[in-house]
Amino acid sequence: MNAQRLQRLAIGAAAVACSGLLVGCASLADAAPHTQPAPAQDNGVAARAGVTYLAECLDHELVQRPGTYTLACADGNERLEKLSWSGWGEDKATATGELVTATCEPSCAAGKTLRYAVRVEASALAEGEAAATYRTLTVSSVGKPPAGYAETETYQLPGITPGGPGTMADAPADSPSATPSATPSR
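Each residue of the sequence shown is one higher than the one before, counting from 187 in our numbering.
No lab work stands behind these hints, which were simulated from the structure alone. Computed from a predicted structure; not experimentally measured. Honestly, I wouldn't trust all of these hints.
In silico lysine to aspartate or glutamate, EDC-like type, Cα no more than 16 Å apart, as pairs [said to hold, decoys possible]:
id	residue 1	residue 2
1	298	261
2	330	261
3	268	284
Derived CB-CB ranges, DEER-like [what the hints assert, rightly or not]:
id	residue 1	residue 2	range
4	337	316	34 to 40 Å
5	336	292	50 to 56 Å
6	250	334	18 to 24 Å
7	272	294	31 to 37 Å
8	244	340	16 to 22 Å
9	247	272	45 to 51 Å
10	237	303	28 to 34 Å
11	293	315	42 to 48 Å
12	231	261	35 to 41 Å
13	295	270	39 to 45 Å
14	280	336	48 to 54 Å
15	336	254	19 to 25 Å
16	261	330	37 to 43 Å
Just so you know, even glycine gets a beta-carbon here, dropped at the ideal spot from N, CA and C.
Kindly generate the complete structure, drawing on both the sequences and the hints.
See below:
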């Protein structure tokens, strides 16, 4: 009987020791800091930002997050400068900067150069198989624009055909490249 009793005591002691270890481990786990996983970033937008473009002047001249952008491709007399972008690769990207334009009075060669602050919105994002392009660029003056200049101009740009295989499409015939769809009152 003593042997059986000793065996039971040993088994009981072992069970108590094991349960104590388990409780100890659980309390150590509870003492560890609770961290939540970092919120998932939209990796799709981040990846798309690397292959998102604006077509500048010609459909094969693609630029990303441009610091400068030519609006008047024929003579270069109107451009955006000092652009600082946010949201590039999202459905709409915005920038702040300056519009630089020639007054062309009495002629473009002899006219003055005007600069004024603008906000730019790139939208109508079209995605192809390997790239995406913004097809619309809206330029709005910050504050009142100089006399004779429009407060907001919208440009239809060439770019990838929505849902197409990644080939470029021209801008609509009534607004080639970066010609405003709403003619400014100059």
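Going through the hints against the structure:
1. Of the pairs offered as hints, the one joining residue 298 and residue 261 holds, with about 15 Å between alpha carbons and a cut-off of 16 Å not exceeded.
2. Pair hint residue 330 plus residue 261 does not hold up; C-alpha atoms about 26 Å apart against a cutoff of 16 Å.
3. Taking the CA atoms of residue 268 and residue 284, the gap is about 6 Å. The hint holds against a cut of 16 Å.
4. Taking 34 to 40 Å as the suggested C-beta distance range, the pair residue 337 and residue 316 conforms, at roughly 37 Å.
5. With their beta carbons about 22 Å apart, residue 336 and residue 292 fall outside the hinted range of 50 to 56 Å.
6. In this structure the hint that residue 250 and residue 334 lie 18 to 24 Å apart at CB is violated, the actual value being about 33 Å.
7. Between residue 272 and residue 294, the C-beta spacing of about 33 Å keeps the proposed range 31 to 37 Å intact.
8. The beta-carbon spacing between residue 244 and residue 340, approximately 20 Å, falls within the hinted interval of 16 to 22 Å.
9. Distance hint for residue 247 and residue 272: a CB-CB separation of about 23 Å, inconsistent with the stated range 45 to 51 Å.
10. The hint said 28 to 34 Å for the Cβ distance between residue 237 and residue 303, and at roughly 30 Å that hint holds.
11. Here the CB-CB span from residue 293 to residue 315 is close to 46 Å, well matched to the stated 42 to 48 Å.
12. Between residue 231 and residue 261 the Cβ separation comes to about 36 Å, which falls inside the hinted range of 35 to 41 Å.
13. Checked against the hint of 39 to 45 Å, the C-beta distance between residue 295 and residue 270 comes to roughly 31 Å, which is inconsistent with it.
14. At about 19 Å, the beta-carbon gap between residue 280 and residue 336 misses the expected band of 48 to 54 Å.
15. Hint check: residue 336 to residue 254, Cβ distance near 21 Å, so the stated range 19 to 25 Å holds.
16. Checked against the hint of 37 to 43 Å, the C-beta distance between residue 261 and residue 330 comes to roughly 26 Å, which is inconsistent with it.
In this structure, the hints that do not hold are numbers 2, 5, 6, 9, 13, 14, 16, in rising order.
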